[in-house]
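**Q** The listed protein sequences correspond, in order, to chains F, X, R and Z.
Each residue of the first sequence is one higher than the last, beginning at -11 in my numbering.
Each residue of the second sequence is one higher than the last, beginning at 29 in my numbering.
Each residue of the third sequence is one higher than the last, beginning at 8 in my numbering.
Each residue of the fourth sequence is one higher than the last, beginning at 95 in my numbering.
Calculated from the structure, these hints are not laboratory results.
Errors might be hidden in some of the hints.
Derived pair list, reagent style SDA-like, types lysine to any residue, alpha-carbon separation capped at 20 Å [claimed, not checked]:
#1 Lys148(F) with His99(R)
#2 Lys125(Z) with Lys186(Z)
#3 Lys60(F) with Glu318(Z)
#4 Lys315(Z) with Lys148(F)
Chain Z regions said to be covered by chain X (calculated; three or more residues, Cβ under 8 Å) [as the list claims (entries may be wrong)]:
#5 112 to 121
#6 162 to 174
#7 225 to 238
#8 300 to 308
As the structure is a computational prediction, the values presented were derived from the model and not from experiment.
Where is the CB? At the ideal position from N, CA and C, for every residue including glycine.
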Amino acid sequence: MDYEMQSRRLAEIAAKLLEDETVEAVLGLRNNPEAGWPTPYCARTPQDAERLVWNEACYTNLAFYLTEMRGKTAIVAKPCDVRSIINLISENQLDRDNFIIIGIECEGKRKDGKPAPGCDACPSSIPGFWDIAIGADGSDTWCDLPMAQTGENVTQWAKKSTVEERFDRFLKEINQCILCYACRQACQGCYCVSCFMDRKATPWEQIDADTGSKIAFHLTRAMHLAGRCTDCGACEKVCSSGVNLKYIYKGLSEFVEETYGFKAGVNPEATPVMNRYEADDPQVAFLGGDCIVGI
Amino acid sequence: MSVQHQDGSRNVQNQDEQKHVQNPYLPSRAVILEVIQETKSETQDVKTFRLKLDAPFDYRPGQFVEFSVAGIGECTFGFASSPLIKDYMELTVKRTGYVTENIHMLSEGSTVWIRGPFGNSFPLEKMEGRDLFYVTGGLGLAPLRPMIDYVFDPAYRNRYGNIKMLMAARTPGDFIFSYDFEKWGKMPDTEFYQTIDSPAEGWDQFVGFPHTLIEKIPFDLEKTTAVLCGPPPMIKALSNAFVQYGLPPERIYTTLEMRMTCGVGKCGKCNIGHRYVCIDGPVFSMAELGEMPSEY
Amino acid sequence: MSEQAEFINPAPSDPSTGASEEWTPRIIAFLCNWCSYAGADLAGTSRIQYPPSIRVIRVPCSGRVNPQYIIKALADGADGVMVSGCHPGDCHYLEGNYYARRRFAVLKRLLSLAGFHPDRVQFTWVSASEGAKFAEVVSTVTEKIRVLGPSELGGRDGA
Amino acid sequence: MSAYEMRSNFGPLHVLTGNQVRDALEDVLQKFTVVAPVMADNKLVYDEVNDVSDIVLNDALPYKSPKDVVFPRVEDVMRFLENRVEEAQVIKPVLLVGAKPCDLAAMKVLDEVFTGEQGRYKDSFYSNRRDFLIIVGMNCREKKSGCFCEERGINPAFSQDCDGFLTLQDDGAVYEPLTEKGADLFSGATAASENSVSPGEETLVLNTSEAEVFTAMPWEKYAEGCIGCGTCTFICPTCHCFNLRDSEKKGIVTRTRVWDSCMYPKFTLHAGGHNPRTRKYERFRQRVLHKYLYIPENYGCTACTGCGRCIRSCPGGLNIRNTVLDIQRRLAEKREVHV
């Protein structure tokens, strides 16, 4: 990885796009010494482009911000950002004509001296989808770096573990949760205008932060993310309490892929997996049926 | 009688209230004596609850109360009955959310919990000797009713001048307290008007929004104090109309509603600028509101 | 981190503890209006015996059962949840149960991952003519949950 | 009478060696529930201590503030019995050790808001806990990225707002009792106190009015990047907005107080559907001005201690200090033009 070359080329490209008025804004990251890591930044003039950075701490998923941009935007997108963008396009949340993807090669980011959440399972250093490419060496070709892919296989773990072990792991994580909803806010998939937890007239809304509320929130959120999670790790990166629940979302992604052959963030044309059905879908999970689900 | 903050300022304080030793969060018990269905439109979404309290309760017109149903939650309502009535108090509730929906399911004899009174009140002393012009929209009549009844009380009526009342509602069936209208209309030196949003069959009174109607009701600019209550857009339009007509903002009063939890200026919800609606309000003059950010 | 303040008086004792009778699980049953609810009706009118463990909630279609309802039931301490709808292809709304089928499969994997015993949530198809099958399904489900014992989360209302 | 004149009325300074500090902590652990900085999951937090060896007394600032000792994330405050309500008031005495000067300053703000004379009502739930709390402050020698306590007039080396102050030195520590409650918590070789430390000057303040900043400042730009997660309010040592909720367990309805956050749209949503603050920048503006304008107006103290926690943890990189600096700069420019 040559971060310096990549940064330089990124600044050049961004300045050019803004100068030509191809785009109104370039969405990227800037150095933020007070925060201690690069934070989202929106360059709006060619001079601003200088401030865009690219280094090993640039782990923020920017796809979520793209849904809030008005006017034509260029987004600096690493593979996980692009997966999220694809997911959002397939759900009609983004208009492909309204933004340019500056794809940037990435071999994984680091947070607090460790690989950032999600990076250990990333399948490729190349974004799946791009308009302008910035390779690992700063050129416009991809280098296709080997990826570690040491991420946990949740299904395998689940098959080996007992119900109690799984319950303990889940409880241990949610016990730390304070129901601040930062995971929801940072998630590309959680774009609902009014979350099920925020509805006004129902007793679903629970901010008591007792175990029942936390289970209700996290499991329902996981359910909503089934076949939509792009494994970007934003939920764990923003959590102030250190709750690591990505394994649940990942386990569901594995299940959806294995059962329905669907992977989120691959094909922008695909209908989301939970929005369609086949008449011969496997009859799993049913009483007396082939219960491969019951791990 | 609880203290008032006539100009909403923090400096005008009563020593008694400052040394509030009792826990302001602990409610006292009340029992529902009667449930009155107010609106006659199809939704029937407004009811008035007449409550009998365990402990004696004193309040001034314009103050509000925190009303809870155990296990459901707490809601803020303005008093809707005259403070001179000592046997019971009334609250008018519109069914609009989870708590109010559950309140609507209550019937006579149910136990509810009350804490308060909170907030300042209408500056009744300051208004003495003046003509009064009440304008209300929909449910906005409820917090004004204590003041209306207080002023109409024979013991106090001679302290105030002429009274004009303009009551607005969406449809003829949406008026609350319509059983009082006849009584109010017959009061001496009182003009009583009603208006609805759009024409309806058999309606012979005003039609249109209140801010378009104040020109049709002659009143003495020098002697009048206006008291408004209604939904925020109505208050904004109406106060502009009054000011344009020549009434100084210091003589236009309104009562605000905000989401509230504590009622004692701690929870931070009803914060508008540096003011808390629950302790500096809910009654503000338009002059005060003009200085505050328009986040209401 | 901080401890909860305590009340001066001890909490009144839980009325549900100390019951000596055999424990019956509390199972929330979401039944589709067109098939399974009618099936349950038929079981009743045919006087077929089944355990009194289910609390029925009638829904228009198994596709109407929001997974949130099931999660909420479990989180609030239900011992089990059962959802029953029309057989695939028989949906009154043509395709509601097909969507539901995917949803339930994913939900069951989700609950397994989170450490809820997979047997706590059961899905099944019962048509309006299958009164006997309905009784059998309820017996099977109740037995499976009885083996698991009360919910780990305990009833919220303790009833 | 200035607080600084009162120093040393509660005994002389105690010079302690490292071992004596340990022993003293061992001792207080027997008597109190001790809350102190401990490591949890790679993060330093204030938490209840079971073993003295877990306590981390050094220059690092814990990730979260100690406010939940007095104002917990979730607390049962009362319950409904048949004909009356009962308040939860049996509280164990807690000793908070190692609170940094910025967190001590924050505690003072909370005291002011919940129990102060300006507040009109006393918050009994808060004061119940506060009355049972003893605080031992500790100096801070390292400025983290994002810290700006000195601009907020806080001296990281000493604070008066506690029951006793522990000054860490390279070899051991010096303990200075500041109130009766803190009189004999630590003891070692005695020494006379030196009255040399004084609070700094508050430079980061807003001397302005709502009308001047409310719409005139580029709030949308300041709040760019906000994702509305509320992390800032949850780890802030002075944020104190809350909600009261009822829950039913075993047939008894308990009222719970839980933190709420002004960064959520639901915070101000009326039951009728009207919402005075719908946009993210409006909510960020509320947070900044509540700390720098509204609380100063109402209580006479700025409710930001410069601990920098929100700056370090904000996923969007929002920065309250830069925002206030920018407002100051714009106001100064504007006033110059007027002159």
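**Q** Now tell me if each hint is right for this structure.
**A** Evaluated hints:
1. Restraint check: the Cα-Cα separation between Lys148(F) and His99(R) comes to about 41 Å, which exceeds 20 Å; the hinted pair is violated.
2. A threshold of 20 Å between alpha carbons decides the hint, and for Lys125(Z) with Lys186(Z) the separation of about 11 Å falls inside it, so the pair holds.
3. Note on Lys60(F) and Glu318(Z): the hinted pairing holds, with a Cα-Cα distance of about 17 Å set against a maximum of 20 Å.
4. Taking the CA atoms of Lys315(Z) and Lys148(F), the gap is about 51 Å. The hint is violated against a cut of 20 Å.
5. Counting residues of the segment 112 to 121 of chain Z whose C-beta lies closer than 8 Å to any C-beta of chain X gives 0; at least three are required, and the coverage claim is violated.
6. With 3 residues carrying a beta carbon less than 8 Å from a beta carbon of chain X, the segment 162 to 174 of chain Z meets the three-residue requirement, and the given coverage holds.
7. Only residues whose C-beta sits within less than 8 Å of a C-beta in chain X count toward coverage, and the segment 225 to 238 of chain Z has 0 of them, not enough to reach three; the restraint is violated.
8. Counting residues of the segment 300 to 308 of chain Z whose C-beta lies closer than 8 Å to any C-beta of chain X gives 3; at least three are required, and the coverage claim holds.
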